[in-house]
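Asks: Now for the letters of each chain:
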Amino acid sequence: MIPVDYYIVLSAILFTIGALGVLIRRNPLIIFMSIELMLNAANLAFVAFGRYYEITGQQSFYTGQIFVFFVIAVAAAEVAVGLALIVEIFKTKKNINIDEMNSLKG
Amino acid sequence: MTSELIVFLVLSLVAVSSALGMAFSRNAIYSALFLVLNFVTVAVFYLMLGAPFIAMSQITVYAGAIMVLFLFVIMLLGAESMAPSPQALPWQRPLAFILAVTLAVESIYLVFARARLNTVITTPDIAANSMESLREMAMTLFNQFLLPFEITSILLLVAMVGVIVLANRQKAGHRS
Chain S
1 MIPVDYYIVL SAILFTIGAL GVLIRRNPLI IFMSIELMLN AANLAFVAFG RYYEITGQQS
61 FYTGQIFVFF VIAVAAAEVA VGLALIVEIF KTKKNINIDE MNSLKG
Chain H
1 MTSELIVFLV LSLVAVSSAL GMAFSRNAIY SALFLVLNFV TVAVFYLMLG APFIAMSQIT
61 VYAGAIMVLF LFVIMLLGAE SMAPSPQALP WQRPLAFILA VTLAVESIYL VFARARLNTV
121 ITTPDIAANS MESLREMAMT LFNQFLLPFE ITSILLLVAM VGVIVLANRQ KAGHRS
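Protein chains in written order, with our numbering: chain S, 1 to 106; chain H, 1 to 176.
Careful: at least some of the hints might be erroneous.
To give an idea of the chain H side of the interface with chain S (calculated C-beta under 8 Å), a few residues [said to hold, decoys possible]:
id, residue
1, 54
2, 85
3, 113
4, 137
5, 159
6, 163
7, 167
Label pairs and their calculated CB-CB ranges [as the list claims (entries may be wrong)]:
id, chain 1, residue 1, chain 2, residue 2, range
8, S, 91, H, 113, 45 to 53 Å
9, S, 104, H, 142, 39 to 47 Å
10, S, 55, H, 84, 43 to 51 Å
11, H, 113, S, 92, 44 to 52 Å
12, H, 151, S, 92, 31 to 39 Å
13, H, 6, S, 81, 35 to 43 Å
14, S, 55, H, 76, 22 to 30 Å
15, H, 120, S, 91, 24 to 32 Å
Source of the hints: derived by calculation from the structure; they are not laboratory data. Even glycine gets a Cβ: it sits at the ideal position worked out from N, Cα and C.
Please work from the sequences and hints to get the whole structure.
Replies: Spelled out as structure tokens, the structure:
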């Protein structure tokens with residue numbers, strides 16, 4: 001017997017920690033992990049709302065879960081491309097500190 | 001206080017502290033391992049919400065594939081810890097903390113004061129975690145959401161091609 005608000009608040013807290021991680025860390029890999037955490041928080045809210053709408057009878061239970069399915073697929077694609085970019089930047093700059101990446105020219 | 005609520009509170013404590021550990025540990029490897037712990041706790045939340053398929057794909061895709069890729073790149077680049085750069089902005093950290101606290105307070109206030117949903121969600125009984133619910137979900141995915149599903153597969157293909165192009169760029173430059 002858990003109010004749906006608790007899940008939403010937990011998701012909001014996890015999202016905030018992810019946003020804080022993006023703002024304070026200088027390592028692009030940890031910034032990437034924080035983005036994953038934010039996506040994960042959104043997924044938790046999706047599943048909680050899916051269950052909520054099933055109980056209130058307004059919507060199929062599975063709509064929220066299928067959204068999460070798509071988010072996971074997009075996150076996998078995003079991580080593959082992002083990590084390839086980070087490796088490529090490391091190869092040209094020998095350094096991946098986010099403060100040193102201030103020009104678009106390779 | 002029901003046992004379900006106790007499980008929820010303990011798990012959310014683990015989830016929040018592992019997220020904080022991810023954001024603040026000095027070593028990037030520890031960050032990745034904290035994030036794996038966080039993903040596993042969120043998978044247990046999915047089980048409590050009656051979404052076993054999502055819980056399993058969370059563990060295999062996120063905690064398995066994605067985090068192994070992260071650990072691989074961290075060790076490949078030797079990016080475990082990073083020296084502070086001279087170009088870092090000194091006021092960025094305090095400002096980030098103020099903004100994050102504002103965001104958290106605002107969202108919690110909005111949920112509790114404005115959008116009070118007043119519905120308790122219970123963990124579905126064992127029947128909902130059976131094969132029948134998986135079949136139901138697959139029917140929804142392949143009937144109602146067939147077009148988004150196909151678009152997702154094209155997106156994955158594009159990502160794959162993009163990664164191959166990025167990884168092969170230097171060899172192509174030598175050839176031309």
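Asks: Determine for every hint whether it applies to the structure shown.
Replies: Structure-based check of all given hints:
1. 54: holds, 5 Å
2. 85: This interface hint holds because 4 Å falls under the 8 Å limit.
3. 113: violated, 11 Å
4. 137: Interface hint status for residue 137 (chain H): holds (5 Å vs cutoff 8 Å).
5. 159: Hint on residue 159 (chain H): holds, closest Cβ of chain S at ~4 Å, below 8 Å.
6. 163: Since the shortest Cβ distance to chain S is 5 Å, the answer is holds.
7. 167: holds, 6 Å
8. S:91 - H:113: 45 to 53 Å: Taking Cβ atoms as reference, residue 91 (chain S) and residue 113 (chain H) lie about 51 Å apart, which means the hint holds.
9. S:104 - H:142: 39 to 47 Å: holds, 42 Å
10. S:55 - H:84: 43 to 51 Å: holds, 50 Å
11. H:113 - S:92: 44 to 52 Å: Since residue 113 (chain H) and residue 92 (chain S) have Cβ atoms about 50 Å apart, the given range 44 to 52 Å holds.
12. H:151 - S:92: 31 to 39 Å: Distance hint for residue 151 (chain H), residue 92 (chain S) holds at roughly 33 Å.
13. H:6 - S:81: 35 to 43 Å: Holds, at about 41 Å.
14. S:55 - H:76: 22 to 30 Å: violated, 47 Å
15. H:120 - S:91: 24 to 32 Å: violated, 53 Å
Of the numbered hints given earlier, the model fails hints 3, 14, 15; all others are met.
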